[in-house]
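Going down the list, the protein sequences come from chains A and B.
So this note's numbering is basically just the index in the first sequence, starting at one, shifted up by 376.
So this note's numbering is basically just the index in the second sequence, starting at one, shifted up by 279.
No lab work stands behind these hints, which were simulated from the structure alone.
Any given hint could be a false lead.
[Unchecked claim] As a list, the in silico DSS-like pairs of lysine-lysine whose alpha-carbon atoms are at most 30 Å apart:
hint	chain 1	residue 1	chain 2	residue 2
1	A	Lys671	A	Lys864
2	A	Lys681	A	Lys645
3	B	Lys636	A	Lys505
4	B	Lys443	A	Lys560
[Stated by the list, open to error] Chain A is faced by these chain B residues, among others (derived, beta-carbon under 7 Å):
hint	residue
5	Ser523
6	Gly622
7	Val625
8	Glu629
9	Gly630
10	Trp633
11	Gln660
12	Gly663
Cβ atoms here follow ideal geometry from the backbone N, Cα and C, with glycine treated the same way.
These are the residues of each chain, in order.
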Amino acid sequence: MPKLTIDGKEIEVEDGLNLIQAAARIGIEVPHFCYHPSLSVVAQCRQCLVEVEGVPKVMPACNTFVREGLIVKTNSERAINARKATVEFTLINHPLDCPICDKGGECPLQLTTFKHGPGYSRFDGPEEKKVRRKYYLSDRIMYDPNRCIMCTRCVRFTEEITKTGELGFEGRAFRKKIVVFPGKTLDNELAGNVIDLCPVGALLDKDTLHEERVWYWKFTDTVCPLCSNGCNITVGVDPRKGRVARVRPRVNLEVNEYWICDRGRYEFKGIQGGKRLKEPIVRIGEGFETATWDKALHNISERIKRIKEEAPESVAFVGSPLLTNEELYLLLKLAKIVGINNVASNAGKVEGGKKFGLISTDPFPNSMGVRDMGFASDNDGIGEVIKSILKGKIRALYVVGEDLFQFVSQEERGRLTEALSKLSLLAVQDFKLTETVKLAHVILPGASPYEKDGTFTNDEGRVQRIKKAIPPPGDAKPDWEILLLLGKRFQKEGFIYINPSQVMLEISERIPEYKGMNYEKIGILGIKKRE
Amino acid sequence: MPEMRIIRTYVDRANSESIRSYIASGGYTALPTALKMDPLRIIDEVKKSGLRGRGGAGFPTGIKWSFIQRDSKKPIYLCCNADESEPGSFKDREIIERDPHQMLEGIIIACYAINSHKCYIYIRGEMPKGARVLETSIYEAYEKGFLGENILGSGFNIDVVLFKGAGAYICGEETGLLESIEGKNGEPRPKPPFPAQIGLFGCPTIVNNVETLACVPHIINRGAEWFSSIGTPKNTGTKIYGLSGSINRPGLYELPLGIPLRELIHEYGEGVPKGRHVKAISPGGSSAPVLTAEEIDIPMDFDSLAKAGSMLGTAGVTVIDDSTCMVRVAENLAHFYRDESCGQCVQCREGTWWLEKMLAKIEEGRGRMEYIDTLLDACFQMKGTTICALADGCAMPIESIVKKFRHEFEEHIRLGKCPFGDRHMGTWDESN
Numbered sequence: 377m378p379k380l381t382i383d384g385k386e387i388e389v390e391d392g393l394n395l396i397q398a399a400a401r402i403g404i405e406v407p408h409f410c411y412h413p414s415l416s417v418v419a420q421c422r423q424c425l426v427e428v429e430g431v432p433k434v435m436p437a438c439n440t441f442v443r444e445g446l447i448v449k450t451n452s453e454r455a456i457n458a459r460k461a462t463v464e465f466t467l468i469n470h471p472l473d474c475p476i477c478d479k480g481g482e483c484p485l486q487l488t489t490f491k492h493g494p495g496y497s498r499f500d501g502p503e504e505k506k507v508r509r510k511y512y513l514s515d516r517i518m519y520d521p522n523r524c525i526m527c528t529r530c531v532r533f534t535e536e537i538t539k540t541g542e543l544g545f546e547g548r549a550f551r552k553k554i555v556v557f558p559g560k561t562l563d564n565e566l567a568g569n570v571i572d573l574c575p576v577g578a579l580l581d582k583d584t585l586h587e588e589r590v591w592y593w594k595f596t597d598t599v600c601p602l603c604s605n606g607c608n609i610t611v612g613v614d615p616r617k618g619r620v621a622r623v624r625p626r627v628n629l630e631v632n633e634y635w636i637c638d639r640g641r642y643e644f645k646g647i648q649g650g651k652r653l654k655e656p657i658v659r660i661g662e663g664f665e666t667a668t669w670d671k672a673l674h675n676i677s678e679r680i681k682r683i684k685e686e687a688p689e690s691v692a693f694v695g696s697p698l699l700t701n702e703e704l705y706l707l708l709k710l711a712k713i714v715g716i717n718n719v720a721s722n723a724g725k726v727e728g729g730k731k732f733g734l735i736s737t738d739p740f741p742n743s744m745g746v747r748d749m750g751f752a753s754d755n756d757g758i759g760e761v762i763k764s765i766l767k768g769k770i771r772a773l774y775v776v777g778e779d780l781f782q783f784v785s786q787e788e789r790g791r792l793t794e795a796l797s798k799l800s801l802l803a804v805q806d807f808k809l810t811e812t813v814k815l816a817h818v819i820l821p822g823a824s825p826y827e828k829d830g831t832f833t834n835d836e837g838r839v840q841r842i843k844k845a846i847p848p849p850g851d852a853k854p855d856w857e858i859l860l861l862l863g864k865r866f867q868k869e870g871f872i873y874i875n876p877s878q879v880m881l882e883i884s885e886r887i888p889e890y891k892g893m894n895y896e897k898i899g900i901l902g903i904k905k906r907e
Numbered sequence: 280m281p282e283m284r285i286i287r288t289y290v291d292r293a294n295s296e297s298i299r300s301y302i303a304s305g306g307y308t309a310l311p312t313a314l315k316m317d318p319l320r321i322i323d324e325v326k327k328s329g330l331r332g333r334g335g336a337g338f339p340t341g342i343k344w345s346f347i348q349r350d351s352k353k354p355i356y357l358c359c360n361a362d363e364s365e366p367g368s369f370k371d372r373e374i375i376e377r378d379p380h381q382m383l384e385g386i387i388i389a390c391y392a393i394n395s396h397k398c399y400i401y402i403r404g405e406m407p408k409g410a411r412v413l414e415t416s417i418y419e420a421y422e423k424g425f426l427g428e429n430i431l432g433s434g435f436n437i438d439v440v441l442f443k444g445a446g447a448y449i450c451g452e453e454t455g456l457l458e459s460i461e462g463k464n465g466e467p468r469p470k471p472p473f474p475a476q477i478g479l480f481g482c483p484t485i486v487n488n489v490e491t492l493a494c495v496p497h498i499i500n501r502g503a504e505w506f507s508s509i510g511t512p513k514n515t516g517t518k519i520y521g522l523s524g525s526i527n528r529p530g531l532y533e534l535p536l537g538i539p540l541r542e543l544i545h546e547y548g549e550g551v552p553k554g555r556h557v558k559a560i561s562p563g564g565s566s567a568p569v570l571t572a573e574e575i576d577i578p579m580d581f582d583s584l585a586k587a588g589s590m591l592g593t594a595g596v597t598v599i600d601d602s603t604c605m606v607r608v609a610e611n612l613a614h615f616y617r618d619e620s621c622g623q624c625v626q627c628r629e630g631t632w633w634l635e636k637m638l639a640k641i642e643e644g645r646g647r648m649e650y651i652d653t654l655l656d657a658c659f660q661m662k663g664t665t666i667c668a669l670a671d672g673c674a675m676p677i678e679s680i681v682k683k684f685r686h687e688f689e690e691h692i693r694l695g696k697c698p699f700g701d702r703h704m705g706t707w708d709e710s711n
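Please model the complete structure; the sequences and the hints are all you need to start from.
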């Protein structure tokens, strides 16, 4: 553990750290563009210059490593001036079109100029700046060589992280630009990350090009609901438009490091733009009618109670690995209170390794939670329920977040449709319009994972919080809230919770693997459940 | 006064490039001696000779060789830097075209000394003749058994690969050269690690200049003491000086290190054309800070020039006379470096571009007085802040020109035009 001095403060850090990392330990920020903790060091942007005692030149902090007795000055006049000059050089050919740049407001170059730059440029003749054509690196990513500062983060990303090597650079000196190698396109599953990596507005997301202004956004730290890996994400929402603008990776070295896949980045649009259920609906005869929550829930609870009394075994509940731990727990609790044994939810399975270390074959975010909360998930519970339905043994069915047609073959769909139509009650709670929803007697509009609070347990047993980034559309409610409302109709005192964190406290008492867990402990990065 | 020819002894002879001519003039006699020596003794001998790298930096060659971890599990490479691209330098080209076996013999001895079995000769793409000659020479050396397996029965194997550059100044920088051989863009690497630890293909590598390697057989043949007796105590041996620019007898002159610049220009070069006066001298290739006419008595060696704030570099001396506009000289330099920057570091990529813009404006009479200080400050910030020395190579001469000829810059700005006339129209008067 070498001891060194940075700006007069002595610190002891582990070997192998560079000066950017070491300085960060004592809260000193050394500005940088090309350095990224997970990419190789190239020392090209020259923004992190610091003074090291005994070395005649100013040194790049990214390529200078800690050593016993090193005396580093990040705040000496020489170091400050060198970094100031670097900013001035960097901005000479930068178009400074920040007002119309998508990166504006969250641009490291902008921030560095603001904090470390000279505040003015001696470059005379902005009309002489070099101007080159923009072009697309893929269907989604646009490249603006004028803004590019040649940090090569994107090139190193495709070389070192995805190892697909689509990007390279062409030309030298001021002609240098990032290009896609001939015959290739930047279409690997992690490609979107280069947009976040870019420290300027050179790589832009075509999806939101000239549509969003980042300073309007409200950011919510949550977890991606699209596979069992549980990548940490930040969702940016423009509250004025009331919709998700962009999904970005959130650093969690234990889960997804710095990256997310393009599905996680863009698929929210399918949920946001797809056919959503916005209000409770009750079937009357052949037609549907919107109803109040009270009426819809009354309809369900009364019919369940009646059928339960006539034939206790003919009522079944179905859950889903898209539900949070809290919701799954509440569903099971409701079943127990009502006295129903037929409760099922299937879980996905991870097969083989994960692509790029973060794309899982299990498309559900909470398969682990389904198992942990007590569903006999590996026994194809839903298959059993469907068999009972087909045999006519089920009369009332409450489905939360699952589409039963996913579990039958093409040939059986007709039979299932017929069987479901014969049910005395088919209550379906979901946020999207599925085949099952179309046959329901009562439809309860739920919330997508971007619209509610709770926890998911990823395939490695890490319990992580998801948070409401936007409100559910229309009259829809988060599923845990619906379950509470329904539960209270069977037993008032059993469903008095203010929020999912209280449900988690109860889970932590009842389920040994979750013992002692609460939202505070789970924190922003999640914690592993007990073995 | 005659030159002191060691390397250039036979260059004027017909067919001097052939192996027959080289052997007939006593070539390939150092090799058998060397192969009988302990490799460490060769390194010692080179250390004792005081030979300093002739590529520009003047780093002691023997010490460089001793940085190699000889028992490395990875292969060790020698790279011969024949990418002579420095404006004003043309010394290596003559060795390559006129007496290449000298260099090859040096390569073989160097390989043996550092325990390397493979040498890459990186030759500049713009030297097609040199490449053709070298191809033949390498073939001849293989034929005679100086290259290949079991050289002269010593059991030592060496292969030499000729690698042609594609025309980039930056590939003469040693790590840029390595990148280029690896098939990548010629972009210098951040140091450390130095090539002696991690060089070509990630293996320990020594990069030596053509002239440096050509000195090696002579040191082996005639001893370190002989070599160190030439020149000055810390700048030993002869140096091939290239004279160009406004000079009556341009060309190459091999002379001991430390010869006064005045002697070189006025005796060997026979001075500037009649009616002209020396105004400035670039003593070591385009990257060296210029000297004024008053500084002409300086000894031409690494240390004296460094002390005077310039450098010996490649010893390509360019003489500038009083008919030349110094702003134009600076602009021309900036133009070259702006074009040749690899584009990695911002100080270099943007700085050279910015310098050229400012200098062009001054030259065209559109400059402003504050440009002069901005030029100096930009040059200061370009020095020592980048991965390699290309930015320094641009900033140093320009800074020296602005400092030493500030009045010319001021005159341009005051007059609103170049006092030497339109830059596209030469002011050279044929009657002179």
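Verification of the hints:
The hinted pair formed by Lys671 (chain A) and Lys864 (chain A) meets the criterion: a straight-line CA distance of about 14 Å does not exceed 30 Å. Among the hinted pairs, Lys681 (chain A) with Lys645 (chain A) is inconsistent with the structure: their alpha-carbon atoms are about 39 Å apart, more than 30 Å. Simply put, Lys636 (chain B) and Lys505 (chain A) have alpha-carbon atoms about 10 Å apart, close enough for the 30 Å limit, and the pair holds. Between Lys443 (chain B) and Lys560 (chain A), the direct Cα distance comes to roughly 28 Å. Compliance with the 30 Å bound is thereby established for this hinted pair.
With 7 Å as the threshold, the beta carbon of Ser523 (chain B) stays out of range of chain A, its nearest partner Cβ sitting at about 25 Å, so the hint is violated. A cut of 7 Å between beta carbons decides the hint on Gly622 (chain B): the least distance to chain A is about 4 Å, and the hint holds. Annotation: Val625 (chain B) was flagged as interfacial toward chain A, and the flag holds, the nearest CB pair being 5 Å apart, inside 7 Å. For Glu629 (chain B), the suggested interface contact is upheld, since its CB lies about 4 Å from the closest CB of chain A, less than 7 Å.
This hint holds: Gly630 (chain B) has a C-beta 6 Å from the nearest C-beta of chain A, less than the 7 Å allowed. Evaluation of the Trp633 (chain B) hint against chain A yields a held restraint, the C-beta minimum of about 5 Å falling below 7 Å. Contact between Gln660 (chain B) and chain A, as hinted, is supported at the beta carbon level, the nearest pair being about 4 Å apart and thus within 7 Å. Taken as an interface hint, Gly663 (chain B) checks out: its beta carbon lies about 4 Å from the nearest beta carbon of chain A, inside 7 Å.
When the structure is compared with the earlier hints, violations turn up for hints 2 and 5 and for no others.
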